[in-house]
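Enquirer: When you get a sec, could you build the whole thing from the sequences and use the hints?
Under numbering that gives the first Met the number 0, the residue at position 134 of the sequence shown is numbered 133, and the numbers go up by one with no gaps.
These are calculated hints, taken from the structure and not from any lab test. Predicted model, so just to flag it, every value in this text is computed and none were measured. Note that beta-carbon positions come from the ideal geometry of N, C-alpha and C, so glycine has one too. Be aware that a few hints might be false.
What the hints assert, rightly or not - For lysine-lysine, the following DSBU-like pairs were computed, each having C-alpha atoms within a straight-line distance of at most 35 Å:
#, residue 1, residue 2
1, K55, K174
2, K67, K55
3, K61, K174
4, K55, K104
5, K57, K104
6, K190, K168
7, K87, K55
8, K127, K67
9, K67, K174
10, K127, K174
11, K190, K87
12, K67, K87
13, K104, K67
14, K87, K127
15, K55, K195
16, K61, K87
17, K67, K186
18, K127, K55
19, K55, K168
20, K168, K186
21, K186, K61
What the hints assert, rightly or not - Computed Cβ-Cβ distance ranges for the label pairs, DEER-style:
#, residue 1, residue 2, range
22, A117, K195, 26 to 32 Å
23, A133, K61, 19 to 25 Å
24, K104, P182, 20 to 26 Å
25, G141, K67, 19 to 25 Å
26, A157, K87, 33 to 39 Å
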Amino acid sequence: MAALRPSSRIAARLLVRTRLSSPSIAPISALSPLSQRCNARFYSSDEPPPPPLLQKIKADLKAAMRAKDAARLTAIRSVLSATLNASKTANPIRTDAQLVALLRKTQRASDDAGAEFAAAGRQDLVDKERAQAAVLEEYIAGSGIEELSEDQLRAAVADAVAAAGVHAKMGDLMKTLLGPGGPLEGKDVEKAQVAKMVREAVGAN
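Expert: Pasting the structure below:
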């Protein structure tokens with residue numbers, strides 16, 4: 000299938016924005032008992048409770064609806080939708096660190112959309128994307144999750160490779176770095192970025 004033209008991509012983004020910011024979407028408290036039971040399945044009694052930051056974001060949804068804060072509503076709904084999708088996979092959002100990574104991914108998507116709108120001369124939509132990105136940045140900044148610089152990441156990877164020796168395997172190194180007790184556990188890091196650094200370090204040995 001041919002790639003969407005810029006105008007088509009913008010139309011698609013506008014459709015998503017309309018669905019996310021539409022006031023016709025009922026708040027969680029207004030959902031039917033059946034819908035509430037379905038939502039509860041994603042965090043059943045057998046699973047750990049949702050991370051604190053996610054609980055805050057969910058609570059902020061109601062406040063944003065009362066205040067008719069369109070930018071915050073769209074940003075929050077985007078995050079909750081992505082979180083719900085993740086809950087159906089093998090990698091659900093269970094920690095604040097994972098949620099912050101998702102927030103950064105959503106923020107990048109908003110920045111990319113803003114660039115497309117700017118190229119199309121739609122400053123009104125650029126402003127909306129920037130407002131949403133600012134909301135996401137607010138949650139990231141207030142998460143309390145430590146963000147590591149690229150130099151700090153490379154140092155952690157180098158230490159793990161040195162400790163593992165010349166026969167270090169990428170999968171084992173990733174577990175050492177990101178697993179329980181690892182130097183990157185609970186840190187605001189991009190798993191893909193860590194994997195790239197590990198791959199480079201292993202290939203250099």
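Enquirer: The structure should be examined with respect to each hint, and the outcome stated for every one.
Expert: Going down the list of hints, with the structure as the test:
With a C-alpha separation of about 29 Å, the suggested pair K55 and K174 falls inside the 35 Å cut-off, and the hint holds. For the suggested pair K67 and K55, the alpha carbons sit about 18 Å apart, so the restraint of at most 35 Å is met. At roughly 38 Å between alpha-carbon atoms, K61 and K174 are farther apart than 35 Å, so this suggested pair is violated. At roughly 19 Å between alpha-carbon atoms, K55 and K104 fall within 35 Å of each other, so this suggested pair holds.
As the CA atoms of K57 and K104 are separated by approximately 19 Å, the hinted pair is consistent with the 35 Å bound. Distance check on the hinted pair: K190 and K168 sit about 16 Å apart at the alpha-carbon level, within 35 Å; holds. Taking the CA atoms of K87 and K55, the gap is near 21 Å; set against the 35 Å cutoff, the hint holds. With a C-alpha separation of about 14 Å, the suggested pairing of K127 with K67 holds against the 35 Å cut-off.
Note on K67 and K174: the hinted pairing is violated, with a Cα-Cα distance of about 44 Å set against a maximum of 35 Å. With a CA separation close to 39 Å, the supplied pair K127 and K174 exceeds the 35 Å bound. Taking the CA atoms of K190 and K87, the gap is about 20 Å. The hint holds against a cut of 35 Å. Taken as a hint, the K67 and K87 pair is honoured in the structure, with Cα atoms around 30 Å apart against an allowance of 35 Å.
With a C-alpha separation of about 25 Å, the suggested pairing of K104 with K67 holds against the 35 Å cut-off. Between K87 and K127 the alpha-carbon distance is near 30 Å, which keeps this suggested pair within the 35 Å criterion. Restraint check for K55 and K195: satisfied, since their Cα atoms lie roughly 32 Å apart, inside the 35 Å limit. For the suggested pair K61 and K87, the alpha carbons sit about 24 Å apart, so the restraint of at most 35 Å is met.
Only pairs whose Cα atoms come within 35 Å are accepted, and K67 paired with K186 is accepted, the gap being roughly 33 Å. For the hint pairing K127 with K55, the CA-to-CA distance comes to about 23 Å; that is within 35 Å, so the pair holds. With a C-alpha separation of about 39 Å, the suggested pair K55 and K168 falls outside the 35 Å cut-off, and the hint is violated. Under the criterion of a C-alpha separation no larger than 35 Å, the hint pairing K168 with K186 is consistent with the structure, at around 22 Å.
Under the criterion of a C-alpha separation no larger than 35 Å, the hint pairing K186 with K61 is consistent with the structure, at around 29 Å. Take A117 and K195: their Cβ atoms lie about 29 Å apart, and the range 26 to 32 Å holds. Here the CB-CB span from A133 to K61 is close to 20 Å, well matched to the stated 19 to 25 Å. The beta-carbon spacing between K104 and P182, approximately 22 Å, falls within the hinted interval of 20 to 26 Å.
Between G141 and K67 the beta carbons are some 22 Å apart, a value that agrees with the proposed interval 19 to 25 Å. Checked against the hint of 33 to 39 Å, the C-beta distance between A157 and K87 comes to roughly 37 Å, which is consistent with it.
Violation of the numbered hints given earlier is confined to hints 3, 9, 10 and 19; the remaining hints are satisfied by the structure.
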